[in-house]
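S.K.: Starting from the known structure of chain A, arrange chain B on it as the hints suggest.
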Amino acid sequence: MAEPMGFFTDTTVCIGCKACEVACKQWNQLPSANGGLNTLSGDSYDNTRRLDGIHWRHVKFIEQFPESRQDGRWLLMSDVCKHCVHAGCLEVCPTGAIIRTEFDTVVIQSNACNGCRDCIGACPFGVIDINPVSNTAQKCTLCYDRLQGGLEPACSKACPTKSIQFGTIRELHTKAQARVEQLHQAGENRAYLYGADEKMLGGLNSFYLLVDKPEVYRLPPDPKLPSRNLVPGSLYALLGAIMVGLGGIFNFRNRSASQSGEPRP
Amino acid sequence: MNDAPSSTWFTTGPHWGWYIALYFFFGGLAGGSYFLAALIDLFGRREDRPLAHLGYYVAFPCVAVSGLLLTVDLGKPLRFWHMLIESNTYRPMFKYWSPMSIGSWVLLTFGLFTLASFLGALAEEDRIPWPALRKLRAPAAPGLVVELLGGISGFYVASYTGVLLGVTNRPIWSDTPLLGMLFVVSAASTSAALMILVAHRSALTLPGLADLHRMERWVVAFELLVFIAVVVSLGPVLSAWLNGWGLLLLIVVAMGMIAPLFLAWRRSPIRDVSMSTTAILVLIAGFLLRVVIVFSSERI
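Line by line, the protein sequences are chains A and B. Each residue of the first sequence is one higher than the one before, counting from 1 in our numbering. Each residue of the second sequence is one higher than the one before, counting from 1 in our numbering.
If you are wondering where the hints come from, they were derived from the structure by calculation, not from laboratory data. Here the structure is a predicted model, which is why all the values come from computation and not from measurement. There's no promise every hint is true.
Said to hold, decoys possible - Some but not every residue of chain A turned toward chain B, in silico, with C-beta under 8 Å:
id	residue
1	122
2	223
3	243
Note that the Cβ used here is the ideal one computed from N, Cα and C, for glycine as well.
Next comes chain A alone, as it looks inside the complex (with noise of 0.2 Å):
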């Protein structure tokens, strides 16, 4: 197996310019959403919105303006897969069309996936939906084919600032502690990694350099498997099942209860 690859988002060098977007629609083949109108948010220059089956990337522009609008702070953050090394996708597919790659990433194998969307509700992130064309769940490959042919992902590579940074996962930690720390020293103390260590679902083959709340990122303070409810959940309607059951055996032994032959009110 190769060494587990992966992204280090740099969010505080990010500037919105969407390259990683487009890189990603182009090399993927993606198509476009409204049949190519243009439809815009209305409140925000993100006029993506999310991440979904037809778009694999999207750069999220969190506005931070008070009501005077005296001072205020836009952070831009380009959101993808996070290929969690424990994935939920992975963990609930039905048809085994969710498969760890060699490069220690998440892909869905369209040709097999037979469009359930148990993974859509799955991913603690929200990553993944439909693609209307193919009509089965997508999201970020990690440009699995460029990378069995020796070439980076696009998106990490189109990224002019190198908010993106593409590498080995033992790489991109080293790096990313560098950057904390010169963050830190530069006086940004609010800087910290989200996702780099095991913590958080095993660790995200892609994590993120943060300036603020995870929350405000839209990013989920406490992502979890799905699998925590299954030993509960089952033991709970086992119990359900065995009072139905009890219930069920008692009424129909209780012959002396009802012998009348009519059924009571």
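M.R.: Chain B only, in chain A's frame:
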């Protein structure tokens, strides 16, 4: 997003809509009816066998409808078999940790059990000219095996859908581990209601009918307790129901749980009307319960 009550608010809904809500209802009826029919066969009186037949007559068509609903809901319906066979290797596809994967297999095997019992019941009532099929009914050994395994898989079909919702990251669904329990108890109450209704319409007067009616009251009371437990377990996530869905849910509780218990407690002098009314209320509420649970999360 800064004040989201749970990390589940950061996810995307799987676009499960009417087909899935209907499947949850019909799957529950199939599993619950078979489960009750098997209980009547295995533990009830011999003279109640026609009541068990009703359960088998309900279960098979409901499973058939369930399979159809699930298939048409797929993005690629012709790939329904990918749930069972891995399409790249042609090996069996089975993940014991994925409720949908196990559910697909159990639905298939349960379908075979319901077909066997359906044919067995028809043969026992001489509605089909194959007396050999009577062996598919207990106490014959093949019948015992079919009904025991069918009863267990019926329980699974009735409950796994709730567990499946829990094994996601969606609001409400994965914020409580109790939906499987709620669904299995609700499946029992709706199935008992449907069997009572059909028996009543068929003018069947069997001793087991009184037992079934008594059991339904017991199950509805238990369902109310489980529902309260679900509400408590949701905690701050309950805010997701402070809207029209919550109102509909209150109607479900009033219609499907409190009203039937009240009618039973009041002991209406018009007993037949009371029985039918109760059964219809429980059935409608059982369906609406699934509609609220599916759509209230999808809308977040």
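S.K.: Does the CB of residue 223(A) sit less than 8 Å away from some CB of chain B?
M.R.: Where the cut-off is 8 Å and the nearest Cβ of chain B is about 6 Å from residue 223(A), the hint holds.
S.K.: Hint check: is the beta carbon of residue 243(A) less than 8 Å from a beta carbon of chain B?
M.R.: OK, holds: residue 243(A) within 8 Å of chain B, min 6 Å.
S.K.: Tell me if residue 122(A) is really an interface residue toward chain B, meaning its C-beta lies closer than 8 Å to one of theirs.
M.R.: 5 Å, holds
The structure fails none of the hints (numbered hints given earlier).
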